[in-house]
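S.K.: Given next are the chains, with one letter for each unit.
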Amino acid sequence: MMSGLGVRAARVVAVAAFLVVGVAHAATPAQIVAPLGLPPMTVPEGNPLTREKIDLGRRLFMDRRLSHNNTMSCGMCHVPEQGFTSNELGAAIGMEGRSLRRNSPSMYNVGYQRTFFHEGREPHLEDQVWGPLLTKVEMDMPSVGYVVEKVRQLPEYRGLFEAAFGGPATAERIGQAIASWERTLVSGNSRFDRWYYGHQADALTAREQAGFTVFMGKGRCAVCHLVGDRSALFTDHLYHNTGLGWERTMFPERNSYKVQLAPGVFVQVMGAMLKSFEPPQPDVGRYEVTIDPKDRWAYKTPSLRNVALTRPYMHDGSLATLEEVVEFYDKGGIDNENKSPLLQRLNLDYEEKTALVAFLKTLTGDNIEALANDARLAPASPPNLSRDPSDAYSESVAGHP
Amino acid sequence: MFMHSKRNSIKTLAAAVAAVVALGMATLPTVSQADETSCSPFTPLIKGQEDFVYVWTLGVQGIGDGSDKLVTVDVNPKSKNFGKVIASLSVGGRNEAHHLGLSDDRRYLWGGGLDSSKIFIFDIHSNPAKPKLVKTIDDFVAKSDGIVGPHTFYATPGRMIITGLSNNKDHGGVSANVIYNGKGDYIKTVPVPTTMVGGAQGDGYNYDVAINPRRNAMLSTSFTGWNNYMMDLGKMVKDPEAMKHFGNTTVMWDYKTMKPIKVFNTPGAPLEARWSWAKGDNFAVTTTALTSNIWIFDQDKQGEWQAHNVGTIGNPADIPLPVDISIGNDGKSVWINTFMDGTTRYWDFSDRYHPKEVYTKKIGSQVNMVSQSYDGKRVYFTTSLLGNWDKKGADDEQFLKMYYWDGKELKEGFSIDFYKEKLGRAHHMKFQVRDLKSLQPLRAEADAPDNVRLASLPGDGK
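Residue numbers (this note's numbering), protein chains in the order written: chain Y, 53 to 453; chain B, -12 to 449.
Keep in mind that the hints were calculated from the coordinates and are not lab data.
Every value quoted in this text rests on a predicted model; they were computed, and no experiment measured them.
C-beta: ideal position from N, C-alpha, C; glycine also.
Warning: the hint list may mix true and false statements.
Unchecked claim - List of simulated lysine to aspartate or glutamate pairs, EDC-like, C-alpha gap at most 20 Å: (1) B:Lys130 to Y:Glu305; (2) Y:Lys310 to B:Glu344; (3) B:Lys156 to B:Asp132; (4) B:Lys156 to Y:Glu190; (5) Y:Lys310 to Y:Glu376; (6) B:Lys231 to Y:Glu375; (7) Y:Lys327 to B:Asp172; (8) B:Lys122 to B:Asp172; (9) B:Lys231 to Y:Glu389; (10) B:Lys379 to Y:Glu208; (11) Y:Lys346 to Y:Glu389; (12) Y:Lys327 to B:Asp328; (13) B:Lys379 to Y:Glu376; (14) B:Lys122 to Y:Glu305; (15) B:Lys67 to B:Asp305; (16) B:Lys156 to Y:Glu133; (17) B:Lys348 to B:Asp328; (18) B:Lys231 to Y:Glu133.
What the hints assert, rightly or not - Here are some chain B residues the structure puts well away from chain Y; computed CB gaps all over 10 Å: (19) Ala116; (20) Gly221; (21) Thr347; (22) Tyr391; (23) Ser425.
Turn these sequences into a full structure, and let the hints steer you where they fit.
M.R.: Okay, structure coming up:
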């Protein structure tokens, strides 16, 4: 259904600096300066960056009216001040509180991703937004046309698509605008970058440097979270079975759960007490895309940039801290038939684990606050439409053949 | 259009008070004022038999029209329709219908949706047996500067205090109280403190408010944000991140200035706020949903507000989930419902520092709201807590049940199965009478005439 929406012809556009040059329909070209540690970004030829598209995309991303009942924006799950994910939820919650299976992935440096969603079902950033917009458990818009009509009828968008694209809102343009803003969520020049790529010797402490040694060596982290000679995205863009997804699907219920009732107050709640509520949903990961048994319970390697800000971790948000993540990998993940052979028991000692966590915390970019502030430039609470957009559309075309 | 005005309200009030005075002091309400569960002291009360119970009902996909609705039940035993649904008014959509609140003259009923943040105002005086929807406020979030989840509707003269539970920045629990006038126009937003106030750190979370005009005091409690209250309860309990985000504070406010006086640490989601109206009491009570504690709030000899943890409900390790409470009109008893075991518990508050649970009864597989009549002889229960917190499958009973209470035992008067009637999930209840002239004067006015004047909010501009 979505095949007509994407930008198919892509070429690499080396982005070096912001330029302001007049072009057709008065759009203002924009380019992104790749900060220290990040490579130039690939931008599709059919959707060149412009200031107008970026501004429009920001507004669309943050607009709760893009959900059927006006309660959910993209930014409600990818909260700018919470690492463009949600620090308050393991797996996300959609419209009317419907349960998602997975944690909201962070949006930092999303323009460098090759596929989207944890199982990589979407190859194009321009098309990606239509997944959440139309999915019942997320924003639950009834149809593509409904979204387009609603955006066209919202007075705050009057003239904005014309300025950005030279024409009215369409499905393709909505995706292009949102993708354009998302590509600006670039974050690098971390302390690690200044130490490793900028050769600033004192940018990392001795412990953090030791952690990098563990990361690259005994910890085997860099096998999947790649570090290049001139830049690092900390991902191989591939899918791996760590055993976590397998366990969550094959053995979804525990005998008991440690539950926090208040700060410092915990109880063990028996699983049987929760039988009257929603059971965990199965999730087979990459297999759901390829239908290839080798991909069962494999998930995409996430970037580690800004990882200190994007808790909770793993595809389902089931690990709360970086320390828990390190412990998980130190044990070599969870054994199952399809577990990646790259995962092995590491036998890290306490110092190595501590150093590794310290290193991971050096990957925070230097523009976190600026990116959050930029997102909040979008209007916070524009009013809802007083009429259903499909009713208004039907009336507007009444009498026309 | 929407006809309420402050002038009419005060005029009605003055007439009611004058009539009572003309009949002599003996007819004035005595120290035991009407409770009616949670009515504002600025709302006239029903002294005798209530004629109708309005039930704010959550729509359920696949049940009837699937829409939220205001259900009217005839509860007068003398009526041929006793114990029957006599009206059902769908408002459209599933808004996470939650609480109702009466206007200051009891002529209008406000109902909120915690998800859509819509507010529906019903005319319940033109024909109390058949309410009419006269106004829908659908710009609450925009007007309030991003507050989500209108919960409590608490009337003061010419005003409605609306507690918000969440916000549109992150759907977390930091929120505010939002003031509207009686016509449904926005006036101002008062954030819940996130700073140190009176020696304790505010967390900004919000839930309920209740006012004691005798002390110019308003107590607010704290729950959780949209992320949690919209989530399946079982999923949430298993999510360690989600469980970190509940309110742990209550706040005592200077009601007139709407300034926080003191923040209290009351860990584990303190919910309903109720004041005792017995003469000389001036204490409030709340219960914590997660930690299952009973807290009371009163002033020490120096006049400073203090919080006291005075009891434990059930076994906290089982998370019985104390939800709604209803304080007796003399402040000597409190009904406490525990959702998970579907049980109501009667607590003797004769010694409020050492209350005792003296009676329990299982009402159903789940139970949430409890409302008692003026004299405490009739007690009503409904089942729904939140759309996604209610149990699933056979345990998802949805009903309104009325019991007679003789001080020793609850005996069922009637029961209505809200699923069988194709209505939905039965949540908040409010009472009404057929003849509004029978309403009692305001508790605040009877206590001290200055309290109504005191209630006027300064500087609100309208």
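S.K.: Please go over all the hints and tell whether each is borne out by the structure.
M.R.: Structure-based check of each hint:
1. For the given pair, Lys130 (chain B) sits about 44 Å from Glu305 (chain Y) by alpha-carbon distance, which is inconsistent with the 20 Å threshold.
2. For the given pair, Lys310 (chain Y) sits about 28 Å from Glu344 (chain B) by alpha-carbon distance, which is inconsistent with the 20 Å threshold.
3. For the suggested pair Lys156 (chain B) and Asp132 (chain B), the alpha carbons sit about 10 Å apart, so the restraint of at most 20 Å is met.
4. Distance check on the hinted pair: Lys156 (chain B) and Glu190 (chain Y) sit about 17 Å apart at the alpha-carbon level, within 20 Å; holds.
5. Simply put, Lys310 (chain Y) and Glu376 (chain Y) have alpha-carbon atoms about 15 Å apart, close enough for the 20 Å limit, and the pair holds.
6. Distance hint between Lys231 (chain B) and Glu375 (chain Y) is fulfilled; the C-alpha atoms sit about 18 Å from each other, no more than 20 Å.
7. Note on Lys327 (chain Y) and Asp172 (chain B): the hinted pairing is violated, with a Cα-Cα distance of about 45 Å set against a maximum of 20 Å.
8. This hinted pair checks out: Lys122 (chain B) and Asp172 (chain B) have alpha carbons roughly 11 Å apart, not beyond 20 Å.
9. Our distance criterion of 20 Å between C-alpha atoms is broken by Lys231 (chain B) and Glu389 (chain Y), whose separation comes to about 35 Å.
10. Distance check on the hinted pair: Lys379 (chain B) and Glu208 (chain Y) sit about 41 Å apart at the alpha-carbon level, beyond 20 Å; violated.
11. At most 20 Å may separate the alpha-carbon atoms for a hinted pair to count; Lys346 (chain Y) and Glu389 (chain Y) meet this at roughly 9 Å.
12. Between Lys327 (chain Y) and Asp328 (chain B) the alpha-carbon distance is near 13 Å, which keeps this suggested pair within the 20 Å criterion.
13. Proposed proximity of Lys379 (chain B) and Glu376 (chain Y) is contradicted: the alpha carbons are some 33 Å apart, above 20 Å.
14. Pair hint Lys122 (chain B) plus Glu305 (chain Y) does not hold up; C-alpha atoms about 46 Å apart against a cutoff of 20 Å.
15. The hinted pair formed by Lys67 (chain B) and Asp305 (chain B) fails the criterion: a straight-line CA distance of about 43 Å is larger than 20 Å.
16. About 9 Å separates the Cα atoms of Lys156 (chain B) and Glu133 (chain Y), which keeps this hinted pair within 20 Å; it holds.
17. For the hint pairing Lys348 (chain B) with Asp328 (chain B), the CA-to-CA distance comes to about 10 Å; that is within 20 Å, so the pair holds.
18. For the proposed pair Lys231 (chain B) and Glu133 (chain Y), the alpha carbon gap of about 17 Å is at most 20 Å, so the pair holds.
19. Distance check on Ala116 (chain B): its Cβ is at least 31 Å (rounded) from any Cβ of chain Y, clearing the 10 Å threshold; non-interface status holds.
20. Distance to chain Y contradicts Gly221 (chain B) as a non-interface residue, since its nearest Cβ pair spans about 3 Å, not more than 10 Å.
21. Against chain Y, the non-interface label of Thr347 (chain B) holds: every CB pair exceeds 10 Å, the least being about 19 Å.
22. Even its closest Cβ contact with chain Y, about 30 Å, leaves Tyr391 (chain B) beyond 10 Å, as expected for a residue assigned away from the interface.
23. For Ser425 (chain B), the shortest C-beta to C-beta distance to chain Y comes to about 39 Å, beyond the 10 Å cut-off, and the non-interface label holds.
Hints 1, 2, 7, 9, 10, 13, 14, 15, 20 from the earlier list are contradicted by this structure; the remaining hints agree with it.
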